[in-house]
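**Student:** Okay, here's what each chain looks like letter by letter:
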Amino acid sequence: MNPRNAVLAIAALAVLALVALQADNYVLRLATMFGMYATLAMAWNIIGGFAGYPSFATAAFFGLGAYATGVAQTNGVPLLLAWGCAGLLAAGFAALLGSAILHLRGRYFAIASLVVADVLRELTNSWTDVTGGGMGMNLPLIGGSVVDDAYVYLAAMLILAAATFGTSLWLDRSKLGVALRCIAQNEDAAQIIGIDTRRAKTIALVLSSLFAGLAGGAYASWVTYIDPTDVYDGALSVKPILMALLGGVGTVSGPVLGALVYLGLEELLWRNLLDFHAGILGLLVVLLVLFLPGGLRQLRGRGLVGWLKGRFAR
Amino acid sequence: MTEPLLSIEHLGKRFRGLQALDDVTLELKQGEVVGLIGPNGAGKTTLINVITGVHKPSAGTIHFRGESIAGMRPDRIARRGIARTFQIVQPFPAMTVLENVAAAALFAGGETSLASARGKAAEHLHFCGLSDQADKPAASLTLAGRKRLELAKSLALNPTLLLLDEVNAGLNTAEIDHALELILSIAARGVTVLLIEHLMKVVTRAASRIVVLHHGRLIADGATREVMADEAVVEAYLGRRYAARLAGAGI
Numbered sequence: 001m002n003p004r005n006a007v008l009a010i011a012a013l014a015v016l017a018l019v020a021l022q023a024d025n026y027v028l029r030l031a032t033m034f035g036m037y038a039t040l041a042m043a044w045n046i047i048g049g050f051a052g053y054p055s056f057a058t059a060a061f062f063g064l065g066a067y068a069t070g071v072a073q074t075n076g077v078p079l080l081l082a083w084g085c086a087g088l089l090a091a092g093f094a095a096l097l098g099s100a101i102l103h104l105r106g107r108y109f110a111i112a113s114l115v116v117a118d119v120l121r122e123l124t125n126s127w128t129d130v131t132g133g134g135m136g137m138n139l140p141l142i143g144g145s146v147v148d149d150a151y152v153y154l155a156a157m158l159i160l161a162a163a164t165f166g167t168s169l170w171l172d173r174s175k176l177g178v179a180l181r182c183i184a185q186n187e188d189a190a191q192i193i194g195i196d197t198r199r200a201k202t203i204a205l206v207l208s209s210l211f212a213g214l215a216g217g218a219y220a221s222w223v224t225y226i227d228p229t230d231v232y233d234g235a236l237s238v239k240p241i242l243m244a245l246l247g248g249v250g251t252v253s254g255p256v257l258g259a260l261v262y263l264g265l266e267e268l269l270w271r272n273l274l275d276f277h278a279g280i281l282g283l284l285v286v287l288l289v290l291f292l293p294g295g296l297r298q299l300r301g302r303g304l305v306g307w308l309k310g311r312f313a314r
Numbered sequence: 001m002t003e004p005l006l007s008i009e010h011l012g013k014r015f016r017g018l019q020a021l022d023d024v025t026l027e028l029k030q031g032e033v034v035g036l037i038g039p040n041g042a043g044k045t046t047l048i049n050v051i052t053g054v055h056k057p058s059a060g061t062i063h064f065r066g067e068s069i070a071g072m073r074p075d076r077i078a079r080r081g082i083a084r085t086f087q088i089v090q091p092f093p094a095m096t097v098l099e100n101v102a103a104a105a106l107f108a109g110g111e112t113s114l115a116s117a118r119g120k121a122a123e124h125l126h127f128c129g130l131s132d133q134a135d136k137p138a139a140s141l142t143l144a145g146r147k148r149l150e151l152a153k154s155l156a157l158n159p160t161l162l163l164l165d166e167v168n169a170g171l172n173t174a175e176i177d178h179a180l181e182l183i184l185s186i187a188a189r190g191v192t193v194l195l196i197e198h199l200m201k202v203v204t205r206a207a208s209r210i211v212v213l214h215h216g217r218l219i220a221d222g223a224t225r226e227v228m229a230d231e232a233v234v235e236a237y238l239g240r241r242y243a244a245r246l247a248g249a250g251i
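Here the protein sequences line up with chains H and V, keeping their order. Positions 1 to 314 (full-length UniProt numbering) are the ones given, in order, by the first sequence. Positions 1 to 251 (full-length UniProt numbering) are the ones given, in order, by the second sequence.
Calculated directly from the structure, the hints in this document are not laboratory data.
If the Cβ cut is set under 7 Å, some of the chain H residues that face chain V in the computed set are: (1) VAL178; (2) CYS182; (3) GLN185; (4) ASN186; (5) ALA189; (6) GLN191; (7) ILE192; (8) ILE193; (9) GLY194; (10) ILE195; (11) ASP196.
Source: prediction; values computed, not measured. Note that CB positions come from ideal geometry on N, CA and C, so glycine has one too.
Starting from the given sequences, assemble the full structure and let the hints guide the process.
**Tutor:** And the structure:
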């Protein structure tokens, strides 16, 4: 582990300790959201960053995970096993989806992945017997005090985020990681040097969906009520991309940093600009893509002022 | 007589209405350097694309070391020992030059770890004269550098058969001489080479045999000198004035 990652890990632990000491419900909720956002951003980064396939299917995997957990838990399956179902269902679905749309490239892949969540939402809406349809679904409480439960879900989300981080770290140094980077940069050339591109892309999508599905499962148990428009929300596909863009697409720690910054912005904007927060987020996307395509880490070493000077000196 | 390394029979490739390759039959023997020439649009690159699995053939068979490879996926064909360069160079732009070559060594060159692949890559870069650029991003190379990188990448696959698609196009005279030397030393290692080339100077020096494609058909196949004097080849490709000059120069 290099010094930068060590610093990040220590910072994360410090934040955790703070949260544990100050058992404020708002802070607990924020920290749990951070775990979920970081997981989703890192999960997207596996397919969208490492492999360079701009997936908009994160919401689909998240929603599948949430409903898998919902259905399992209401049928008496224990919590951890229910989350296992969430991960497995999302991953299995991604394997099938991958064989259908991973031969598409660039924007065509993006569009194909975009409609998946919509289709699943409609299916969930009409499959009333199992999912409760548009009325949504109530999940059983796990039976501790409100504060204890909050800690359980905080721990679950943070452990999930740590697992996703570990997977990204491993991927970054593995042969599969090299294959994905080659695919991202030039897929034809990747095939010609002997990379089984279809296999590598499918594994990347399955890994991505696994963590997104688990996050959906944990979310469902945490909030105890899910409905199709909530867990198949297109924003769940877009936000992780934004976070990765903020922190640095295709890097290991970038999405974590991005999730932190994004969560901070979201809280600030929600609170202070209730009627225009979505507009501000849109502007943020435009500015990011235009001026900082490599993410906030492009500022590193120069500071914001130095970076601005560099831009306007030209 | 030994079995040919690559044996192509009645190969056809049709893109909708365009017959890009038509009944092409061709054999390459182990250790040969064969020049593939022909006018633009004759089907030279298509032939390489079909051999390497980028396109599936519409008709005919391709056997490599006695095994049918027609319609096989490109990565499988690459791992069996057929490497190619692209006419329009295809680096991984954000990786360093060394990483580009190491990736090739890792996936089809038989290297088992990243570290050993990097070591092997350094050797190939040295061979291709790119050692000084090893740690630069591939996107920063000049065209000549990128062409050499393509060569280094294809060598990293440990190929038995190397298909070179205009590695000299766009290079200046000094760069061409260097590339020609590289091709000759690759051939000296025992690698069989199929060389697509417009520069007759390179073809005549490197190749012992020439095949000529015209409108997707093979119109000549034989020893360099004979093919250069062939009436159909002169008509379709070389032009009379060039043929006369070659004859005058005693080639």
